[in-house]
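Could you use the hints to bring the two separately framed chains together as a complex?
Those protein sequence lines, which keep their order, are chains A and B.
The numbering of the first sequence is my numbering, which starts it at 9 and goes up by one.
The numbering of the second sequence is my numbering, which starts it at 915 and goes up by one.
Worth flagging that the hints you see were computed from the coordinates, not collected in a lab.
Ideal placement from N, C-alpha and C gives every residue a C-beta, glycine not left out.
One thing to keep in mind: the hints can contain errors.
[Said to hold, decoys possible] Straight-line alpha carbon distances no greater than 20 Å define the calculated PhoX-like cross-link-like pairs of lysine-lysine that follow:
1. 56/A / 1110/B
2. 1197/B / 1172/B
3. 1110/B / 159/A
4. 1066/B / 1079/B
5. 994/B / 1079/B
6. 951/B / 994/B
7. 97/A / 87/A
8. 1073/B / 56/A
9. 24/A / 1128/B
10. 1066/B / 50/A
11. 159/A / 216/A
[Said to hold, decoys possible] Computed footprint of chain A on chain B; a stretch qualifies when at least three of its residues, placed anywhere within it, have a C-beta under 8 Å from a C-beta of chain A:
12. 981 to 995
13. 1135 to 1144
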Amino acid sequence: MDIQEIRNVGILGAGKVGIVLAGLALDAGYTVRISGSGSVEKIALTIKTLVPGAIASENADVVANSDIVILAIPLSRYKNIAPALLQGKLVIDAMNYWWETDGIREEVLDPSSTSSEQVQAYFHGATLVKTFNHMGYHNLQEEARSAGDPKRKALFVTGNDHDAVDTVASFVDSMGFDTVVHYRLADGIMTEPGSPLFGASLRRPELKDIIDHFDQTEFGQKIAAQTR
Amino acid sequence: MVDIDHLEFGLETFGDIVANEDGSLQTAAQSIRQIVKEGQLADELGVSVFGVGEHHRPDYSVSSPETVLGALASVTDQIKLAIAVTVLSSDDPVRVYERFATLDALSSGRAQVMLGRGSFTESFPLFGYDLTDYDDLFNEKLALYDLLRREKPVTWSGKFRASLKDQDVYPKTDHGRLETYIGIGGSPESIIRSVKVGYKVIIAIIGGQAMRFKPYIDLYHAAAQQLHRPEYPIAVHSHGFIADDEDEAVEVAFKNIKANFDRIGLTRGWAPMSREQFDGETKVGSFYVGTPEHVAQRIARTIAQLDLGRFDLVYGAGNQTAAQREHMIELYGTQVIPRVKEILAETAVAK
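Chain B on its own, in the form it takes in the complex (with noise of 0.2 Å):
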């Protein structure tokens, strides 16, 4: 059953490059401020979790989302500060501990750590890892910082990195512990993994119908149970796009997120998306496309279906004029929040 009343909804970019009005496109500096900008309008709508992700592509403008979240810790007062997602894998643990220790600092205690591999991977190339090595590195690494997330001195020898004895790193955070996300594509391994590790899900759902992921979320539990391991509610992310009138989200949805899909299948080796395709994901699968009621409604289905503890609506896809990406997020904190948790407690008491 949905707890209604702690039900999170996030919000999340990928840190697309911004449109000008005139179809120009802003460049990546301009980007990263609108981005802090569109932060503190999440936090003083209410909205529970402002995500940003990390890149190293030139249509993406954010490959330090620590510093990003950095600038917002100081801007805002109650909003969660995360990054979707950190790639682990590419990373160094101790790294990725300091540098959320100190924005947990800057925010009093509001950084949310969420590792996952994300959809791309120009970061292993970039940082000299082999692919290859994927798992392996994640494992490895995932063990690592599980140590580090306990603020004591570590001792711990891998392949990928130099053995550590008896070290300690700071800083120490307020509360004693960073939360943590693994963020997963589905792949039932990779649930086991974070059931076993003990850290909340966050499931991206980024085409299909959002129900065809129920069997891995009773998997995550039906592990917890068998592994006698905690059990959280589980996260998804999506996209979306909303604004006022229906035909509008739509055509400014399709022209954007089909041009960022197609750009990455173009590097990904899949086919441009359809407009049948695209229809199909506004109408029953994973894009959250419309208005703020019909947006709302869809949400709520999914909370409902998948028994979800927290929403992200990953926002900006593509290249999007400030105006529309700040509408949008006005209607999501505003209308669409307060909606979904309306149709929630309606069905609840139609129960």
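Isolated chain A (complex conformation) (with noise of 0.2 Å):
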């Protein structure tokens, strides 16, 4: 799919991230439904009031009408949501591993592979691609510049499907963030809680440099000694 053809955004969590990506979407001039894990009525008041404009709805409603979902529920809850829902489209995957609000990873997790694969094992139908995982919620809020802005911040972007990867990193610019791409899901664990690009508000040459020198950092060490 192509940037120009993503009109509508359809958000699965209304929660801290997905109201923040919901507001983002309506600035940069997107139709966006949004839904919760429960019934409309349930998050009506909250979405009318944090963001204006923006639809509330159930997933199947929000799915249907999107021409690109984005995931923004706790990890755990992922398996909430039917594979089937997501058949076909083009999915960003927001989430994280989260013990604060997952639990025990091992309960969550398989311990072999990263979360962004084993989300898209699940939504095996699905077209994957990580981003918007990395900066806080209000940085994404507060951070949000236009492009040529020298005080942009980057996003980093990955997933196996190369076409999906580059839709995504120009919606997500679109969003108001710079990119540093990548085509391989896996690499997602560079900006998993623990890396030191978790948390961080970064410009694009610096978010680049700990990316492309990941294996040199502490936690890249870690993830490269677990997987010999």
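Right under this line is the structure:
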């Protein structure tokens, strides 16, 4: 899919991250639909007040009417969504394993691979790209800037499908951020909790520098030792 | 419009370990005694609320804040005594009620309950709870606490605790109801939950611009009106450090707040704080650091922007010396609080 074809953005998850991304997408001129874990009624007032203009809806409607879908729910809950729902969709994985909401890692994730690989395996008919996961939600909210602004921050975008990654990178750019792009979903680990990039809000050269020398970071060496 | 006459100003500490002048650290026991001294000082200076956090970690001294506040109850006169916050999800609401009702007795009605999760999670495994049940635990225990707070016999059953049938819980308080807040970090769900139970709300703003919480405060008021629930002025809490000299304040705060955030970041997986980030927080963000005048200007601005009823400054982050901590409290009580009120009154007149 080409970026020009993206008009409708769907967000699954009406928590802090989902709402911030909904606000950015509205500002970027997209039509935005967003759903929580329950009924529309449960989130209607929240959406109306926090992101006026976004359409509060339910998962099925959000997915059916969106050109791109963002997963912004706690990682431990993604299996509450039926895999078939995202069949054929371009999906952004904004999730991470996070002890404080997800509990013990082994109960949520198979230790042998990364979270996004497991999310992709579960939603096997979807094309998954990981981004929006490493910058704090308030940095996302406050630091979206136009292209060319010297203070503009960058996000890491990675996935296995070349075209999908490029489309998502353009989408991220339209939302107010530069990008550093990889074409390997497993590289998502570089921006997970524990990484020097997690919670960091960096300009493109700084982000790229750490990504390029990831194997020299303490976290990178730990990951390398585990996968050896 | 901010009601200047009824504005409350609090001080809160998480119970960080205090440093000696030579840089060595005091013991946890010494640090706890220091908190009692500081609570007394805050009381003498007319600060409205003194809050102590509950933590179960080596870098904080207080795991049983009610005990510390119990000591303070008998040496203070006017200050409200709060726990910032009581981790309700991993506690027993009956015990929470009993402890606070006792504190309320000792302090002649100055106990204040703040229920929340706090920024940490170690109490969950420590007391045998599963973090993934967090929401269910909090909802269930909040419902039980709300019944107990009415101080009438309670009949209740739930998933995480033995049922109660026509059970009275003691002691009853003199005023018939414990003042109770819910401490939240800004998730819309927790705002709606607080509105439904009808408690006051204190928001932890620990990073970024305070204004980003405006929509959440709007949500609180909109939800209260829609659901016909009581509406109170919002309280917030943020970190800060005050000294006579701006550069000194910034350097002490950078060293200590950064050390504190970075150490927590190590276990929670976020990256160390950069100088740029820190400077952003002290200039336009959520660290209230500097001279009394600078800090007063920034607090006044936040109170006005968010239309607050209460502002709590979290003090003592990292390993500060007793002298630094006490002097900061003194400056907060004698200079910052009166100056904030003055600035707000001037702005009101100008309008």
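Against the structure, the hints come out as follows:
1. 56/A / 1110/B: OK: residue 56/A and residue 1110/B at ~18 Å, within 20 Å.
2. 1197/B / 1172/B: holds (15 Å)
3. 1110/B / 159/A: violated (42 Å)
4. 1066/B / 1079/B: holds (12 Å)
5. 994/B / 1079/B: violated (33 Å)
6. 951/B / 994/B: holds (15 Å)
7. 97/A / 87/A: holds (17 Å)
8. 1073/B / 56/A: Judged against 20 Å, a Cα distance of about 34 Å means the pair is violated.
9. 24/A / 1128/B: The hint holds at about 14 Å.
10. 1066/B / 50/A: Violated, at roughly 31 Å.
11. 159/A / 216/A: At roughly 15 Å apart (the allowed maximum being 20 Å), residue 216/A and residue 159/A satisfy the hint.
12. 981 to 995: Since 0 is below three, the answer is violated.
13. 1135 to 1144: Since three or more residues must qualify, the claim that chain A covers the region 1135 to 1144 of chain B holds, with 3 doing so at under 8 Å.
The structure fails to meet hints 3, 5, 8, 10 and 12 from the earlier list, while all remaining hints are met.
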